[in-house]
Amino acid sequence: MFSNQLLDFAKDELSYRTVVRDLITKVPVLQIVIVNTNSWSCTGYCLSTRSSGEAVPKLDLHPVIKVLFTESSSEKESEIRKMEDQIKKDLADEVFMLRPQIEDVVELLLSAKNILPPSCSSLQGLSLSSMHM
252 MFSNQLLDFA
262 KDELSYRTVV
272 RDLITKVPVL
282 QIVIVNTNSW
292 SCTGYCLSTR
302 SSGEAVPKLD
312 LHPVIKVLFT
322 ESSSEKESEI
332 RKMEDQIKKD
342 LADEVFMLRP
352 QIEDVVELLL
362 SAKNILPPSC
372 SSLQGLSLSS
382 MHM
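The opening residue of the sequence shown carries number 252 in our numbering; numbering runs sequentially from there.
Everything labelled a hint here was simulated from the structure, so no lab data went into it.
Treat each hint with caution, since some may be false.
Said to hold, decoys possible - In silico DSS-like pairs for lysine-lysine, Cα to Cα no more than 27 Å straight-line: (1) Lys317 with Lys327; (2) Lys340 with Lys317; (3) Lys277 with Lys327; (4) Lys364 with Lys333; (5) Lys339 with Lys277; (6) Lys317 with Lys364; (7) Lys327 with Lys339; (8) Lys277 with Lys333.
Make the full structure from the sequences, and use the hints.
Next comes the structure, spelled out in structure tokens:
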């Protein structure tokens, strides 16, 4: 549901930046940049695990959104200041969420990030991940 809302906000923009703030403290906690809205993710095996000539099981494809993200839960002053500057310059939109919801989104992003090889998991200090639509 959260990913669909991000897509609604992004509309036709190629890259869309959102800063997620804690609803109670108003502190920026998470930054998400949409990179690609037309990606697919698959589950299953690409190759048969059997050595015989049996057919490979069908792969399940799911639409995903590729995103870059950074979490500032450690409340690094420089990261928070950078996010605040982007909001002031109108380079990012704000979303307010409760801390448990933010933690769920971060957990989802981290688990999707861990699927990628380390050499492909970050870009310019942001972590690459995906969100199911």
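Hint by hint, here is what the structure shows:
1. Annotation: proposed proximity of Lys317 to Lys327 holds, straight-line Cα distance about 25 Å (limit 27 Å).
2. Taken as a hint, the Lys340 and Lys317 pair is honoured in the structure, with Cα atoms around 24 Å apart against an allowance of 27 Å.
3. Between Lys277 and Lys327, the direct Cα distance comes to roughly 15 Å. Compliance with the 27 Å bound is thereby established for this hinted pair.
4. Restraint check: the Cα-Cα separation between Lys364 and Lys333 comes to about 23 Å, which is no more than 27 Å; the hinted pair holds.
5. Distance hint between Lys339 and Lys277 is fulfilled; the C-alpha atoms sit about 15 Å from each other, no more than 27 Å.
6. The straight-line distance between the Cα atoms of Lys317 and Lys364 is roughly 10 Å, inside the 27 Å bound, and the hint therefore holds.
7. A C-alpha spacing of about 19 Å is found between Lys327 and Lys339, which places the hinted pair at or below 27 Å, so the restraint holds.
8. Between Lys277 and Lys333, the direct Cα distance comes to roughly 15 Å. Compliance with the 27 Å bound is thereby established for this hinted pair.
Violated hints: none; the structure is consistent with every hint.
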